[in-house]
Structure formats: C-alpha cells, structure tokens
Amino acid sequence: MNKKLLALLALLLTLMLVLAACNSDDDSAKPADEPDKTEEGTEEDAEEGAEEEAEQPASDDLFSVVLENEGEAIKGGTLQVALVNDSPFQGIFSYVLYEDAYDDEIMQFASNSLFTTDGDFLLNDKGIASLTVDGDNNKATIKIKEGVKWSDGEPLKIEDLIQPYLIIGHPDYAGVRYDSDFQNIIGAVEYHDGKADTISGLKKVDETTLEISFNKVSPAIYSGGDGLWGYAEPSHIVKDIPVAELLENDAVRVNPVTLGAFKFEKIVPGESVQFARNENYWKGQSKLDGVIIKTVPSASAAKALETGEYDMALSFPTSAYENVKDLENITLLGRQELYYSYVGFKLGKYDTEAGLSTTNEADAKMGNKTLRQAMGYALDIEQVNEVFYFDLRERANSLIPPVFKSFHDASIEGYNYDPEKAISLLDEAGYKDTDGDGLREDPNGEKLTIKLAAMSADETQEQVISYYLQNWGEVGLDVQLATGRLIEFNTFYDKVQADDPEIDIFMGAWGTGTNPSPAGLYSKTAAYNFSRYTSEKLEGLLTDIDSPKALDSKFRSDKFREWQEYMQEVSAVIPMQFRYELRPINDRVKNFDFNYETDFDLIDVELVADTPVK
Amino acid sequence: MWKTIIRRVLVMIPQLFVLSLLIFIMAKFMPGDPFTGLITPETDPARIEELRIKAGFYDPWYVQYVNWIGNAFQGDFGRSYTFNVPVSNLIGDRALNTLWLALLSTFLLYLIAIPLGVLAGRFQDSFLDKSIVFYSFIVYAIPTFVLGLINLFFFGYELGWFPTSGTVDIKYDSGTAGYLWSKFYHILLPAITYALLATTGVIQYLRTEVIDSKSMDYVRTAKSKGIPINKVYSRHIFRNSLLPIAAFLGFTITGLLGGSIFIETIFGYPGMGQLFIQSVNGRDYSVITALVMLFGFLTLLGSLLSDIIMSIVDPRIRID
Numbered sequence: 000m001n002k003k004l005l006a007l008l009a010l011l012l013t014l015m016l017v018l019a020a021c022n023s024d025d026d027s028a029k030p031a032d033e034p035d036k037t038e039e040g041t042e043e044d045a046e047e048g049a050e051e052e053a054e055q056p057a058s059d060d061l062f063s064v065v066l067e068n069e070g071e072a073i074k075g076g077t078l079q080v081a082l083v084n085d086s087p088f089q090g091i092f093s094y095v096l097y098e099d100a101y102d103d104e105i106m107q108f109a110s111n112s113l114f115t116t117d118g119d120f121l122l123n124d125k126g127i128a129s130l131t132v133d134g135d136n137n138k139a140t141i142k143i144k145e146g147v148k149w150s151d152g153e154p155l156k157i158e159d160l161i162q163p164y165l166i167i168g169h170p171d172y173a174g175v176r177y178d179s180d181f182q183n184i185i186g187a188v189e190y191h192d193g194k195a196d197t198i199s200g201l202k203k204v205d206e207t208t209l210e211i212s213f214n215k216v217s218p219a220i221y222s223g224g225d226g227l228w229g230y231a232e233p234s235h236i237v238k239d240i241p242v243a244e245l246l247e248n249d250a251v252r253v254n255p256v257t258l259g260a261f262k263f264e265k266i267v268p269g270e271s272v273q274f275a276r277n278e279n280y281w282k283g284q285s286k287l288d289g290v291i292i293k294t295v296p297s298a299s300a301a302k303a304l305e306t307g308e309y310d311m312a313l314s315f316p317t318s319a320y321e322n323v324k325d326l327e328n329i330t331l332l333g334r335q336e337l338y339y340s341y342v343g344f345k346l347g348k349y350d351t352e353a354g355l356s357t358t359n360e361a362d363a364k365m366g367n368k369t370l371r372q373a374m375g376y377a378l379d380i381e382q383v384n385e386v387f388y389f390d391l392r393e394r395a396n397s398l399i400p401p402v403f404k405s406f407h408d409a410s411i412e413g414y415n416y417d418p419e420k421a422i423s424l425l426d427e428a429g430y431k432d433t434d435g436d437g438l439r440e441d442p443n444g445e446k447l448t449i450k451l452a453a454m455s456a457d458e459t460q461e462q463v464i465s466y467y468l469q470n471w472g473e474v475g476l477d478v479q480l481a482t483g484r485l486i487e488f489n490t491f492y493d494k495v496q497a498d499d500p501e502i503d504i505f506m507g508a509w510g511t512g513t514n515p516s517p518a519g520l521y522s523k524t525a526a527y528n529f530s531r532y533t534s535e536k537l538e539g540l541l542t543d544i545d546s547p548k549a550l551d552s553k554f555r556s557d558k559f560r561e562w563q564e565y566m567q568e569v570s571a572v573i574p575m576q577f578r579y580e581l582r583p584i585n586d587r588v589k590n591f592d593f594n595y596e597t598d599f600d601l602i603d604v605e606l607v608a609d610t611p612v613k
Numbered sequence: 000m001w002k003t004i005i006r007r008v009l010v011m012i013p014q015l016f017v018l019s020l021l022i023f024i025m026a027k028f029m030p031g032d033p034f035t036g037l038i039t040p041e042t043d044p045a046r047i048e049e050l051r052i053k054a055g056f057y058d059p060w061y062v063q064y065v066n067w068i069g070n071a072f073q074g075d076f077g078r079s080y081t082f083n084v085p086v087s088n089l090i091g092d093r094a095l096n097t098l099w100l101a102l103l104s105t106f107l108l109y110l111i112a113i114p115l116g117v118l119a120g121r122f123q124d125s126f127l128d129k130s131i132v133f134y135s136f137i138v139y140a141i142p143t144f145v146l147g148l149i150n151l152f153f154f155g156y157e158l159g160w161f162p163t164s165g166t167v168d169i170k171y172d173s174g175t176a177g178y179l180w181s182k183f184y185h186i187l188l189p190a191i192t193y194a195l196l197a198t199t200g201v202i203q204y205l206r207t208e209v210i211d212s213k214s215m216d217y218v219r220t221a222k223s224k225g226i227p228i229n230k231v232y233s234r235h236i237f238r239n240s241l242l243p244i245a246a247f248l249g250f251t252i253t254g255l256l257g258g259s260i261f262i263e264t265i266f267g268y269p270g271m272g273q274l275f276i277q278s279v280n281g282r283d284y285s286v287i288t289a290l291v292m293l294f295g296f297l298t299l300l301g302s303l304l305s306d307i308i309m310s311i312v313d314p315r316i317r318i319d
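Just so you know, the sequences run in chain order A and B. Numbered by numbering that gives the first Met the number 0, the letters in the first sequence go through residues 0 to 613 in order. Numbered by numbering that gives the first Met the number 0, the letters in the second sequence go through residues 0 to 319 in order.
Just chain B, with the same shape it has in the complex (with noise of 0.2 angstroms):
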C-alpha cells in the first residue's frame, strides 16, 4: 500500500504543474491589478506605474511565472500585494481557522447524521422515519446564508447564547484555557451551522445503505443464529452501511478546507472561502494562484485520503 501512496503522491506532481500554468495564465487575463483599486485623485499615475514596474506586471508572462514558480519551489509564494505579508503567512493564519471550523463540523456533522440515519432505515416507514427525511430536505433546501443568519440572530443576538463575530474574545491572552475556551465558543454556532446543512447526503445515503442490508443474507444468517437484534444493527449492518459514507470522508475533510464563503462571512470569521473571493476581486495575484494550487492538492489529497479511508474499513478493497 505505501508504494501505491507514494506513487499516487509523485503522480500530483504534474497535476499540479499543469494547474499552475493555467492558473497563473487565467489570472493574468483578468483586467485590472492589485493596484487599481488604490487610486485616489491623489495619487500620483507615475508611482503606480513605478510600482507596477517594480512588481513586475510588464514582464512577459512566462517570465513572470518562471520567477514566481522558481520561488515557489523555495517555499516563497511571493507577498500579498492587498495585505502586504508574505502569502505563506496569511493563508497560514487563515487555514488554521479554518482547519479547526471544519474538524469541528465534520465531527458535529457525524455526530448529528450517523443516528439520524441508521434510525431511518431501521424503522423505516415510520412516523420517526418520516420526520428525519422531512428534516433532510428541509435544510436541504435552505440556502446557506439563511440559516446561517437565522442561528446568528436567534441564538447570537436575541438569546444571546453565543458569540456573534470573530475567533475569539480580545479580554483573552493566548495560550490560556479561558482563551481555547473562547476560540471553540467562536466557533461552535458556525459549525452547527455547517453541520447542519451537509447532513441531508449522509442520512440518504446511510438509510437507504441500512434499507438494502436488512434484506441482505448475511442479516439473515445473523438473526437465525440468535444475535440480539440491536447488535445485528451495531455490529453487522452499521459496519457495511458506513463504507459510501467512508468513501467520502476525505472528500468532506478536504472539502471543508476550502472554507465557505457564506458562513464565513456572516459570522465575521476569517477563513480560506473569503480570503479566496477578496484575493479574486483584489487582483491579489500571488494569492489566488497560491490558493488554488492549495484548492487542487486538497481535492487530490481528498480522492488519496478516500481511498486509504476505503481500504482500511473495507477488507475487501486492497489498493496495490
């Protein structure tokens, strides 16, 4: 199997490659740059264009991205050009923001849909049944922002249960536990929020696994044996109607990485999703093809990680 990951690492290489090229490409096909947006009356159109200069903007292209993919190699993905810190730096800050919203809501997440479902599918028809299907479509069709802005007002503002913006409390000094405390408080509406509305794929998936494994024969064999019938549920169903839902956790994990503009936005927490939008409307070149090379290696590591994930659960899958 290790020579399999290792392969399949090496393999990204070129994938990566590629995407760079076209990234750094459509990026500078895009009209403007970082500095149109800084013009006042006041300012000088010769020190734009210095600056310009200085950047390089008027370069060829393929210079531009052998110098930008030269430093890259080094680990130097160049600065900011709206927030004037090294790229690494600011999408540093940002992805563990990140990282720790989306750990936190695929675990709520599991938490909220593994019950839901296999409850589902094992009294299927019923009236419980009935109410967790009618609950899926329900967040499934509503939009993101509008739930996100109903927990924010209903739970932040009104009941004033949770915090409304931020990542943490400023009165905290970090490294303390009031300040851990404050950083999961920040995060924990957002991740409901999150958690709540991925459920819908992972009920469907998870009742309709547990619906078809009832009639299975292994199921009869079991309860012809005499196994109590909730362990055939825990120990033999569950098991084999987890393996779609493993098949995409690399996909949900990595996924979750990109951040979400939305929920970003309207909890006022700094993530990927909306350093990503504003990079794109900035013109923030060294930062949106940073990104997206990020965005690719996440979604190629996602497939990789599925796979592990499939092999592990699932002994009949080798990967060789």
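Just chain A, same shape as in the assembly (with noise of 0.2 angstroms):
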C-alpha cells in the first residue's frame, strides 16, 4: 500500500469520525420494523443502550403534567406539531369511522366532542352537551347550550346528535361500532336490519333536547357506554351523502367540518394537516393563528425537538425518552397511559358456538393457584422496568390502571420482586425438585415444563422475555417459549384467543379505553377473557359492577376494589406494568396542560417567540 493510499485512508476516516460526532446522540435510532397496531401491541419499544442507570424512581410526580411558561406571549403565531408515526396516517375525520389511533390524535384539535370527563372519565356537564340518565324508565336526555355552532357557521342542532347513530346502525356501515352495546339501544337492530328508516328509540324533543330510549341502562353510560355515542355529525353536509360512499368523501377527507377550538384547512393526505382558528368555536377565539401537523418518523423525532423544528410532539416514543430527558429547549410532560399489561394462565376453554368459558382448574397445568402467585412473585419486573424502559413504566398491582382514581385501589399490593417467597410457596405448595436436575416438578413428581406464548416486537423484547425466563428459572421453574420463540402479534392473539393446547401461560397487554368496567375481559361470556377463568363470585362482581344499583357511585367503586381483591386472591392473571406516555414541548409554547381531567382548553395555547427555540 503507498503512502497516497494511507493519507487518504486516513482523510477519509476522519471524515467519517466527524460525521459519527456529530450523531453521537442519535446512533440508537433505527427504524421501526413493527407497526403500531391500534390498540392491541405491547409496542415493547425501549432501546438496546440501556445499562445505564435511570436516575429517579417512577412515581406520579415523576413528570409535571401542566406546562409553567411566563413568558410575554406574542400575537397569534403558528403551533408546529410532530405526530410521531413511521406510516402516513390515514385521514379518517370523523368519529364515527376513523380506526387508526393517529387520526384521533390530529382530531383532538378539531374535535366534535359533545361531553367533558371528569378525573375517572366520567361525563360531565361542562361541555357542549349534558346527560341525565333516568335509571328506573331506561331513558337518557341530553340537552345541547344553545348557540353552538359548526366551523362553518351553521348551528349545532339535534338532527347533528342523531346523526352519528344513523351512520354507525347503518346496514352499509362497515366499521366495529355497531356492536352489542349500540343494539342497546331501542331500535338499533330494526334499523340495521333495514325492517325500519330510523332508530325508533332517538327523540328528538325540542331544538336541544334529545330522548334516548335503552333497553337497560347501566352505570357505564356515564363512561359513554350503554350506546350512548358522545359526538356529532354535521347532518346539514352529510346526511345526503350515501353511508356506503362516506368514507371517500371529501366531508370526511379533505374538509370536515367541526366543532373544535381549531377548524381543518387544508390536508396532504397521510402527511401533514393545517388547522386555523375556529372562528365559530362555543368557547371562543383561540389566540394561536393556527395548528400545523407533520407527520415526522421515530427515528428522527427526538432530532426534530432538539433543532427546534417543532414546538411539541404527539405520540412521541418512550424508547427515545435517553435523547430528549436533558434537551435544554424542551419540556417533558408525561402522564400515565391508560395500561397494563399481564400474565394470563390458561384454566380452561372458550366453547366459540355457546360464548361461554368454563374454567377447569383441577385439570389444567396451572390450575394450582399458589404456583401461579409464585410465578408473579419471581418476576423481576422491576428491574425490567428500570434498564430497559428508563421507569417509564412500573410495576402495576392490579387490573385498574390508577388514572381512574376512584376505581383504582392503590392499596393492593401485587406481586413485587420476591424470589425467596416465591421458592417458599412453591415448597408449600409440593412442587420439588425430586429428580436433583435443578427444576421442580409438579406435586405428582412429574417433570414440569410450562410453555410461555410471548408476543414478538423489536430486539430488547428478546432480552426482556429471556430475562423473565431466567427469573423463574432462578426459583427453579422450567418455563419455555412456546413454539420455540417469540411469536408475531397476529399468530400471537390467534393462538391466545383459540386456547392452543401449546400454551400454558401468555403475556399480554390492554389499552383499556375510558369505559372501566372489567366485563368485557373477564366476565364468563367475554371471547378476550383469554384465561378462561370464571367463577360465581366473579360473575357476581362483574354484574354488581355495571347494575342499575352501581348508579350510586359509592357502591360502584367498592364493587371495583372488590373486584381487584378478588382477581388478586384468584391470580389467574397477574397484572405486569402499567406505563407513561410523554409529551415533549418547546419552550416557546404557553400554556398547555397534559392532565386527563382539565379546565384548559386549546384556544388558550399561545407562543412567547416567533419560531421554536433551538
């Protein structure tokens, strides 16, 4: 090799050395290979670089969620959003048949939402609409404020409430809400059946005053359940356009209407949406000039913060929470996620024709419940939680996630990290190690092999799952993946849901929507109760739960924290993590604030500099 060769060995190098340099906080950034599935994935997303350690402890204040700013704000000025997506977003807007979660949050700005919630997402009378429910005649009333009116001036009237349901009960509808909830409703099955032209339970009884007949009224209508739908529809532009053809139509796509703080511009479909002031809006004038949305990739979000190219993120990724957490133009607001995930035993079997579970627990592999408890002990959650996802998540105790707060029952306490009493339970409970390989075997002296299905996601939930491995490994349970590896979200909910003889145990996780109320999981004719466990007690407190009687609140809330005792007792799943989401703001942003329950509204967002801080 002459020497010409070297020196340019060399420049070429170091060139490379600079351009690494100047990338050096950003070489875990890779791109996604999983999409983001609705609702349903563990987005298992955290990072390989992980060993270091995250420095505080997961806990309620572990993040503000009100945004402090006292700059002098500047007039109007333009908000610059990032959605975070490794995919276009698909442009649905309208509630009634949007499906993907992105498009929910770029409507957020332009919502058609008739209620406000509470702290436990219960309806309440603070916004466009309010509901009295008449438990003992089935009925629901709600009354609209008068002079509300759509983005295009036209007035919110009752036809705009009866609209939504029209569509969803539609025989051409093609979307998951019409469902058992909405045939609540007097009428629905008729209409959808095409037997009638309308839904006979919907009264219209004065210019704001709407009648909802039901067939039974629970208290689960306040979570906007029962078929109580919680948005409306412009009938003004709509109600013309064929149910079939809405879903390309240029009301839904290119200008819908709204009755939001912002009101749609102009859109770039799957990329970026512009929003300008709502001149319209009940509440009043919003002082930004407007909102601009861009879809930006995960791999270059935390990049895009820090060059102040944007002013704040949405659906920003945890896994990234290393590159952001000490940027000096950003603020970190962070809230729990409505969460959990789990691990479900396997007690019985779904019989698909009758809709019902029956739990067999003398028979089944794990139907010996002080195994089970001591399987939830010798998980190592916690450290999990804090090398691999920064205590962006922590160890949940029960199947509520705390944001509901009078439904939560932070008293639990779970299953924290405890090997020493899970070895103890398993001694008591005749699972030894009889043959003196190291592993136990069952009471009978039977080798014990249980199989664990685990859903596959990016390269750390390889190390996470085999970390769990080794934990019950560690108390001398042999636990093996079944199938032999991780297994792709949809193989994963195919084999759960139809009871796979190949699985013992499951890791799963829930987005568990506003509605609290546990019976779609775990009441006996639930298909997602995948344990498959049921009881009389159980069955009891689910019905108890959702009664005409829960209307008292009171009662509602001990029946919820009866209900997370029992399902602690029983163990037939143990609730794993429940996690943070975080929402990254530029510090020229003023007034925002991140909590669940608020009196803040988006027209009081306002800037201090005239472009994002760098």
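Read the hints as simulated data drawn from the structure, not as lab findings.
Ranges of calculated distance between the beta carbons of each label pair, as one might list FRET restraints:
1) B:Leu102 <-> A:Thr524: 55 to 61 angstroms
2) A:Pro418 <-> B:Ala140: 42 to 48 angstroms
3) B:Thr175 <-> A:Asp600: 34 to 40 angstroms
4) A:Glu568 <-> B:Glu48: 29 to 35 angstroms
Mimicking DSBU-like on lysine-lysine, the simulated pairs with C-alpha atoms at most 35 angstroms apart in a straight line are:
5) A:Lys536 <-> A:Lys548
6) A:Lys613 <-> B:Lys170
7) A:Lys282 <-> B:Lys170
8) B:Lys27 <-> A:Lys450
9) A:Lys348 <-> B:Lys27
10) A:Lys203 <-> A:Lys238
11) A:Lys265 <-> B:Lys182
12) A:Lys148 <-> B:Lys170
13) A:Lys364 <-> A:Lys420
14) A:Lys156 <-> B:Lys170
15) A:Lys138 <-> A:Lys553
16) A:Lys125 <-> A:Lys142
17) A:Lys138 <-> B:Lys53
18) B:Lys53 <-> A:Lys348
19) B:Lys53 <-> A:Lys215
20) B:Lys53 <-> A:Lys156
21) B:Lys182 <-> A:Lys286
22) A:Lys202 <-> B:Lys53
23) A:Lys203 <-> B:Lys53
24) B:Lys53 <-> A:Lys494
25) A:Lys144 <-> A:Lys404
The beta carbon of each residue, even a glycine, is placed where N, CA and C say it ideally should be.
With the hints as a guide, dock the two chains, each given alone in a separate frame, to form the complex.
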C-alpha cells in the first residue's frame, strides 16, 4: 500500500468520525419494523443501550403535567406539531368511521366531542351537552347548549346528534362500532336490518333536547357506554351522502367541519394537516392563528425536537426518552396511560358456539393457585422497568390503571419481586425438585415444563422475555417459549384466543379505553377473557359493577375494589406493568395542560417567540 | 421486434396468473386477519364475526380467489381493509410518489456513477482511480438506514438545507410552481441517498469495461488512425462500455419502483415499500395481493425493457 493511499484512508476515516460525532446522541435510532397496532400490541419499543442507571423512580410526580412558562406571549402564531408515526396517517376525520389512533390524535385539535369528562372519565356537564339518566325508565336525556355553531357557521342541531347513530346503525356501515352496546338502543337492530327507516329509540324533544330509550341502563353510560354516542356529525352536510360512500367523501377526507377550537384548513393526505382558528368555536377564539401537524418518523423525532423544528410532539416514543430528557429547549410532560400488561394463565376453554368460558382449574396445568402466585413473585419486573424502560413503566398492582382515580385500588400489594417468597410458596405447594436436575417437578413428581407465549416486537423484547425466563429458572421453574420463539402479533392473538394447547401462560397487554368496566375482559361470556377463568363470585362482582344499583358511585367504586382484590386473590391473571406517555414541548409554548381532567382548552395555548427555541 | 414484444407481453399473462394463485393462497395462510388489530376491550366479538363474514373470509379459498380474480379483471382490486379506500387509489397515490423518487434517483445515480466509472477506468491505478474505488466500497459497505440517517441529521436538521419529512410543504397549493418546486425539494435528499448507495455496481462495471476496452483492437485502430485520445474515450470506448449498464437499466428502474422501506421510513416519504410492509403486518390481503402482482409485473417488464434497450444500444443484437 503506497503512502498516498494511506493518507486517503486516514482522511476518510477522519471524515467518518466527524460525521459519527455529529450523530453521536442518536446512534441508537433505527427504523421501526413493527407498525403500530391500533390498540392491542405491546409496543415493546425500548432501545438497547439501556445499561445506564435511570435516575428517578417512577411515581406520580415523575413528570409535571402542566406546562409552566412565564414568558410574554406574542400575538397569534402557528403551533408546529410533530405526529410521530412511521407510516402515513389514514386521514379519516370522522369519529364514527376512523380506526387509526393517529387520526384521533389529529382530531383532538378539531374535536366534535359533545361531552367533557372528569378524572374517572365520567361525563360531566362542562361540555357542549349535558346528560341526565333516568334509570327507572331506561332513558337518557341529552341537552345541548344554545348558540353552538359548526365551523362553517351552521348552528348545532339535535339532528346532528342523531346523525352519528344513523350512520353507525346503517346496514352499509363497515366499522366496528355497531356492537352489542349499540344494539342496546331501542330500534337499533330494526334499523340495521333495514326494517325501519330510523332508530325508534331516538326522540327529538325540542330544538335542544334529545331523548334516547335503551333496553337497559347501567353505570357504564356515564363512561360513554351502553350505546350512548358522544360526538356530533354535521347532518347538514353528511345526511345526503350514502353511508357506503362517506369514507371517501370530501366531508371526511378533505374539508370536514368541526365543533372544536380549530378547523381543518388543508390536508396533505398521510403527511400533514393545517388548522386555522375556528371563528365559530363556542368557547371563544383561539389565541393562536393556527396549528400545523406533520408526520415525523420515530427515528428522527428526538432530533427534530432538539433542532427546534417543532413545538410539540404527539405520540412520542418512550424509547427515545434518553434523547430528549436533557434537552434544554424542551419540557417533558408525562402522564400515565390507560394501559396495563399482564401474565395470563390458561385455566379453561372457550366454547365459541355457546359463547361461554368454562374453567377447569383441577385439570389445568396451571390450576394450582400457589404456583401462579409464586410465578408472579418470581418476576423481576422492577429491574426490567429500570433497565429497559427508563422507569417509564412501573410495576402494576392491579388490573385497573391508576388513572381511574376512584376505581383503582392503590392498597393492593400486587406481586412485588420476592424470589424467597416464590421459593417458599412453591415448596409449600409441593413443587419440589425430586430428580436433582435443579428444576422442580409437579406435586406428583412428574416433570413440569411451562409453555409461555410472548409477542415479538423489537430486539429488546427478546432480552426482556429471556430475563423473565431466567427469573423463573432461578426459583426452579422450567418455563419455555411456546413455538420456541417470540410470536408475531396476529399469530399470538390467534393462538391465545383459540386456546392453543401449546400455550400454558401468555403475556399480553390491554389499552383499556375510558370505560373501566372489566366485564368485556373477564366475564364468562367474554371472548377476550383469555385465561378462561370464571367463577360465581367473579360473575357476581362483574354484574354488580354494571348493575343499576351501581349508578350510586360509592357502591360502584366499592365493587371495583372488591373485584381487584378478588382478582389478586385468585391470580388467574397477574398484572405486570403500567406505563407513561410523554409529551415533549418546546420552550416557546405557553399554557398547556396534559392532565386527563382539566379546564384547560386549546384556545389558551400561546407562543412566546416567533420560532421554536433551538 | 414488435412481434417479439407482443409475444413477450402475452407470455406474461399465464406467468402473472400463476403468481396470483400462489400469492393469494399464501396470504390466506398467514395467521390473523385485518380485524385482529382492531380489537379493544370494548370491541364486540360478534361484530368482528359479522365483519369477517361480510368480507367473505369464511368462504373456501377458491371461492374467494375466483371472486377476487373476477373483479381484478375488471380493474377492481378490492378495498384496503386498513385504509378503507379502493386498492387502486391507494396504490396510485403511493406509486406516483415512488415513481418520481425512482426517476430522480436513477438520473442522479448515472449522473454520479458514469463519470466516476469512466475516469477510474481511464486513469487506472492513479490516485484518482484508487479514491473512486475506495469511495465505491465505502458506500457499498454502509447500510441504507445509516447513510439515510446521517444525511437526514446532518443536511436536514443540523444544516437545514433540506426538508426533513413528507413529500410537499403544506403551505403550497397544488398546481402552482411553488408546489412543484417543494415536491422536487422533498425528493432531493432521499434521491441523493438512494443514488449514492447504488453507485458501486455501475462504477465497478464501467471501470472494468473501460479497462478491458483499452486493449481492444478497435481502440488500437482508432488510436493509430490519429483520432484524439479524448474522442477515443468519448466515442469508442464509452459507447461499448455502456452495454452492460444498459442491460441493467430496465431492472434498475422497475426495481426502484418497488420502493425502499428504509429510505421511505427514514424520510417519512409515503411510498410503495412502506405500503407493502404495512399491508403484510396488517393482513391487508387485498393490498398484499395487488402489490405482489404489481411487483411481479414490474420484474417481467424490467427484463423486457432491458432486452429492448440492449437491442437499441447494441446493433449486433436483434430480438426476434
């Protein structure tokens, strides 16, 4: 090799180092290979370089939820918002039709919501409409404020409240929202089957009052359940559009009208949305001139915030937390998500024909309650949260996320990491190592191999799951991956739902939505009761929680607590993690509140500089 | 030649038919369906069943296939389950994005690679040659997403020379000059990245060809006739060295039309590569089958294109 070549080599290497240095804080960014599943995926997306100590313990005061900025506001201005998403958004801007969570994020700025909710996500009277429930006659009355207008200046009418029901119930409607809840409205089924032109249970009383008749009314109605629909549709625009064509209509895709603080100005499909101030907003005029939302790939989201490209990031990936937490131009707001992950134990079968779960604890491999509890105590989830998730996840103590303040029971201890306790429980239950191979046999002396089904995600997931397997190994349990590896999302739920005999236990997660009622996940008729555990006591509690008696909120929250304690006691499902979501905000922004329950409105957002702070 | 082209196109039909059968069956073998990802605790399993029945997922596969192929012949590839729009519209939007990106990438690719390849071959073993060869190995070794991120972070965010995501700035109205410029501006950085990464093959081929040609008889003849050396390179050697490159041109263009998942994801550029991955993960059958059919067709078309191009640039070759 001659000298010239060596010199060149040296030059190129230097250049590469310089480029690498420019890039040093983002070297762990990578293209995501897993698309975001709307609701059910675990989205285990922490990154690999996680050996460093996380500084703070997870607690409610881990992040502030209200932005503090005393700067002097400029007049108007446009808020630049990054929507962190690795694929284009779908752009269905209608609450009855959308399915993609990102569309929902965008619609927050131009919401057609009729109700506002309190800290337990129960409807209150502070929004456009108020709800009165007549439990004796199974009726609900919705009264709207006078003078509320759509963004095109048309007044909000009762017909606009009826319109969404007529769309969802229509035979041509292809979404998931025509469900058993919806059929609870009197006349909904007849309308859906084409036997009636309208839904008989919906009655316009006067210009501001709608009365809805139900087959039954439960406390879930205050969470927007029982078939009640919480959004308006502009009937003056959509009533003449055939339901089958609505999805592709300009009224949904190009220029939807809205009741929210901002109105749609322009949409570049899948990429960006421009909002302008809604002059007709019922709460007043926004201080901002407008908002621009742009899709930003997750790999560059942190960099985009650092360089002051955006004022705010929606659906910011917690895996990029390390890259933004020390940025000087960014304030991180955080709050707990409506989410929990869990280990489920297969204890029975679901009969699809009859729609009924039957539990057979005596014959199930995981039928021993003490064994299940020991498995819960053996998991060092605390360590996983710290190392892999920067404490943006915390050990879950119950199956109700703490966000539901009056329903979550903080006094339940849950399963904190305690291998000693796990060992003594296993010894006590007769799971002993009789053949000296270091692994426990079952009480009959038979070899015990437990098959775990776990979902695949990124490369961290692989490490997390093998750490859990190791945890169980340390207390002498032989737990193996069902199918021998992590299972792809769709396959995982196929197998779990079909009670695949190869699966003894499984790790899943739920985004719970705002209705905390556990009946959909744990009752004997629920297809999603994947552990297939049922008992009379459990059914009783679930019925009580949604019974008319529970319209009394004290009774209801007591029953919730009782249910959580019972679930802890039977341990058919062991809660694993709650998690946080982050909202990074540039220091240019003044006034923002990330609380679920808040009097804050988007019209109050202000800016203190002409461009985002770098 | 026209006869051959028509014959080749006709042969594509049975080929595509077999492909459609294979891909349709294999797509159905995948566990789960488009509705699996929609399930929340509040989703009614009965409604999901109803939707599955409506979508015809419980019919035997051959019934589903016949329905699908029947509609496909009439240009109707069904609706995307994920995006809720007709597949043809969905692919149309993305294909257009990908097409512009592919054309600009191909243009830049040859713009960079051809001069470098010729220079390296002409001044063989010089410092310039070694630098070019070294450069081509470096870009060959860099993974797509690494170079993509470096370019994005350095030229996009740090220097602010290029837009960082999307295909167009929202402030321009479609049809205006600003809009077209914005589109071009958005494509530029991904296209440069794309082009840089693909240069290696072209440079190496061209370099070898030029070096080989140098010792050919016709070059010696040209030189001995007293033709200026520059002209020998530009007229005689260059034209002949381009043959293998031309042979790949068809494949290069149609290959680029398949999109690149990495480039598209990093630059937030909605194109075909992303759409394909997304449809596979979401079990969006109608999109999967339509896309595979399209990719299959493009491959066949690419080989036909290459043959046609060859016959144009090389008079010795006649297809009939």
